[in-house]
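Just need the whole structure built from these sequences, with the hints factored in.
Number of protein chains: 2
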Amino acid sequence: MDTLFSHATVVTMNDQMSVLPDAFVGVTDGKISYLSPKAPDEQPAEIIDATGMVLMPGLVNAHTHLPMSILKGFADDYALSEWLTAHIFPREDRMDDRCAKAATLLGIAESLRFGVTSVSDMYMFSGAVAEAVAESGIKANLSRGTTLFDDTDFSFDTYPACQELETTFRQWNHYDNGRIKIEASVHGEYTTTYKLWEALSEFAVNNHTGMHVHLSETKSEHESCKEKYGMTPAQILDCHHVWDARAIAAHCVWLEPEDMTLLAKRGVSAVHCPISNLKLGSGIANVTDMVRAGMNVALGTDSVASNNNLDLFEEMKTCALLAKGKSLDPTTLPASAALMMGTICGARAQGRQNECGQIKLGMDADLILLDFTQPHLIPCHNVISQLVYAASGHDVAMTMVRGKILYAEGKFPTIDLGAVVKELTDYAMPLVFHDAPKQADSQKD
Amino acid sequence: MDTLFSHATVVTMNDQMSVLPDAFVGVTDGKISYLSPKAPDEQPAEIIDATGMVLMPGLVNAHTHLPMSILKGFADDYALSEWLTAHIFPREDRMDDRCAKAATLLGIAESLRFGVTSVSDMYMFSGAVAEAVAESGIKANLSRGTTLFDDTDFSFDTYPACQELETTFRQWNHYDNGRIKIEASVHGEYTTTYKLWEALSEFAVNNHTGMHVHLSETKSEHESCKEKYGMTPAQILDCHHVWDARAIAAHCVWLEPEDMTLLAKRGVSAVHCPISNLKLGSGIANVTDMVRAGMNVALGTDSVASNNNLDLFEEMKTCALLAKGKSLDPTTLPASAALMMGTICGARAQGRQNECGQIKLGMDADLILLDFTQPHLIPCHNVISQLVYAASGHDVAMTMVRGKILYAEGKFPTIDLGAVVKELTDYAMPLVFHDAPKQADSQKD
Chain U
1 MDTLFSHATV VTMNDQMSVL PDAFVGVTDG KISYLSPKAP DEQPAEIIDA
51 TGMVLMPGLV NAHTHLPMSI LKGFADDYAL SEWLTAHIFP REDRMDDRCA
101 KAATLLGIAE SLRFGVTSVS DMYMFSGAVA EAVAESGIKA NLSRGTTLFD
151 DTDFSFDTYP ACQELETTFR QWNHYDNGRI KIEASVHGEY TTTYKLWEAL
201 SEFAVNNHTG MHVHLSETKS EHESCKEKYG MTPAQILDCH HVWDARAIAA
251 HCVWLEPEDM TLLAKRGVSA VHCPISNLKL GSGIANVTDM VRAGMNVALG
301 TDSVASNNNL DLFEEMKTCA LLAKGKSLDP TTLPASAALM MGTICGARAQ
351 GRQNECGQIK LGMDADLILL DFTQPHLIPC HNVISQLVYA ASGHDVAMTM
401 VRGKILYAEG KFPTIDLGAV VKELTDYAMP LVFHDAPKQA DSQKD
Chain A
1 MDTLFSHATV VTMNDQMSVL PDAFVGVTDG KISYLSPKAP DEQPAEIIDA
51 TGMVLMPGLV NAHTHLPMSI LKGFADDYAL SEWLTAHIFP REDRMDDRCA
101 KAATLLGIAE SLRFGVTSVS DMYMFSGAVA EAVAESGIKA NLSRGTTLFD
151 DTDFSFDTYP ACQELETTFR QWNHYDNGRI KIEASVHGEY TTTYKLWEAL
201 SEFAVNNHTG MHVHLSETKS EHESCKEKYG MTPAQILDCH HVWDARAIAA
251 HCVWLEPEDM TLLAKRGVSA VHCPISNLKL GSGIANVTDM VRAGMNVALG
301 TDSVASNNNL DLFEEMKTCA LLAKGKSLDP TTLPASAALM MGTICGARAQ
351 GRQNECGQIK LGMDADLILL DFTQPHLIPC HNVISQLVYA ASGHDVAMTM
401 VRGKILYAEG KFPTIDLGAV VKELTDYAMP LVFHDAPKQA DSQKD
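From first to last, the protein sequence lines are chains U and A. Going by the numbering used here, the first residue of the first sequence is number 1, and it counts up by one from there. Going by the numbering used here, the first residue of the second sequence is number 1, and it counts up by one from there.
Honestly, the hints are just simulated from the structure, not real lab data. Hints may contain errors.
To be verified - List of simulated lysine-lysine pairs, DSBU-like, C-alpha gap at most 30 Å: (1) U:226 - U:265; (2) A:360 - U:228; (3) A:326 - U:226.
Pasting the structure below:
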């Protein structure tokens, strides 16, 4: 046994949602090898005393754009179109692989610090993003978000973004025994045409990989699609086989009841991003109806440009609160449901449900420890309530992926944070922001 | 000069919302005595190097119930009436002064840890609450929340809760040069009658003190009042002079446009508690309309039984997000407005606007430092956005009230947290919860 967590309050996230008050969890070769209220006979190589701590599965951030860490809080409180066209797109145009890698490493550090052990990321510069993920030790399903506005002469074999997918897939898919998965991504119905939908779904199905799509995020996107095709985005993409692969549909704010039934039947996972949806004024997704329709619903932070952090604990709390506030019923979406969405539902959305999301013998040791000895977590009447309603990613004291500690007490053993900040300051920021308005100006709003 | 903060990014919250990038703030005899981009000539007794830190005014939690810290997360995800009658009220009935004091000290520790320097509290056991506030060094406006269901033979001079107010007022009002203020409190329209409204408003006016009321928190409370009196709660309380004193109206979820105009005219401050309102399924208050009507709107956490923490940074973020999500307009309630609500608007609600809420010469040194060197706060394009959308109470590295450090790096110089936890564990918890269901049971929901 490599590591033993002793005297932990263990939130297993198993089918009974068992919470073990003073338990022992052992890790061998990156997997959970021991789980018991008693100490093992075997002597472990290392013992972590988890007295006063909660041990739980790491969280899954099922929709984010890590390289956008460099755009954190850059242009807040703007209307969506102005935000995108005047502020975000022009900066993204200037990014390069080197910038994307540094920003991704920063985003991974933040994720690990807040207890996220696996992410589903959609962005450009996918080779650079994969390098950062590989070095850091975090798990990730990565996709090259692909747009296609003019499809004259489109061919998968010549279109640069598709070629990037092909290259990244060959180089990185199944890296480190599946720690990295490379997936296809139709950016969204409104930024693509049917030729791309068919090409990418064919790629995903043939290569047994996943699909990542922005779906019905805003009302105008949803309504424009209905006007154009006489069908909702979920329906028209279905006609072109986009849901044939294991798929993530991010946002799903404006889904109609028929969409939910359809997506449930196709096994599509919705990724609810409540904070980003509020912040951009997109609306409030109807999570309870999606769950009732049989959909798997996971959680995502979206990027830090519309959040503005990667603390999935905030997402769990906000999701439980919004469901109650929207229905005027405080029994809606209890704490246990929010915690499932942040763990096992996320693992399912990533096709990793047999690998992580629970504390169970044989599963990967993707684990986090939270310090429950602080004033805001005392007294503790109910661990699950406390995790969702009172705790924060800041309470995470340790993050482990496959048995390796990637964050503990302010330190990142696999990421040289000083070097990352220097790279951002010296190279990436000047590259992306050399004409940006000064802070004093941007604070006028 | 007693203390000098050097090289701080200073968020002044002055009328121009000036942010000074590398500034010096001096404190003498508990007041802000120096503010400049240059170091002072004078040698201070102590220098706090604030490089990489943000210095801002402490936050004001304008509606809370600190002794309920012992009920944190005790009964979540229940319908409001069941929550109150089956879970909360029976525990409150068992509390005593000793229990209330320990729980209040715990709540104060949590408040200070999250950067709150002043609270408006409404509860029972007001003498014990005042003792805890006095010992801890925090600022507080305290009120004895008063109910009156049967007003036969009611008289201010014999009614126990009114006598408690009288006693607490004589003993504690203006304690430590106004650090404590004792105010009157009509618990709510639905829990009282006009005899109490008139008696307490007379007390508040005659004693030049404030009034603290729960107002239109739930739809049923608001509608029942209209049925009973043909007037809204705001209107009927106005008829009985409740708004004659400086008043806080907590929640204001179901205010009508006429209520807003009336309350603005009377100078009543609304205290928006977005997280509690969502969690209890009460609804979403219309903050933007209140502000447009001319009301001062501050922020409150409400108690940890319906939140479940005292991190006012969460309240600022949630308030800005909800306003956007409700209006589907991301330009609504920008970060600067949320930050004003958490600082100067709170100070105004407490009648302390000339005393704190801004970093300004002559004001009390109620200050907090936030560590901006962590991954989730890098890069920083806009300090005010970062504070509202990316930061957390956990980022607070130091909390100072009137020049005294009350929290720094995990330590509370005025609160013996170990003794408080022991008192809660050995005395208060057995007193309040001796028949409570075991944790395993309460987690079934």
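Practice item. Would you pick out the hints that fail for this structure and give their numbers low to high? Key: 2
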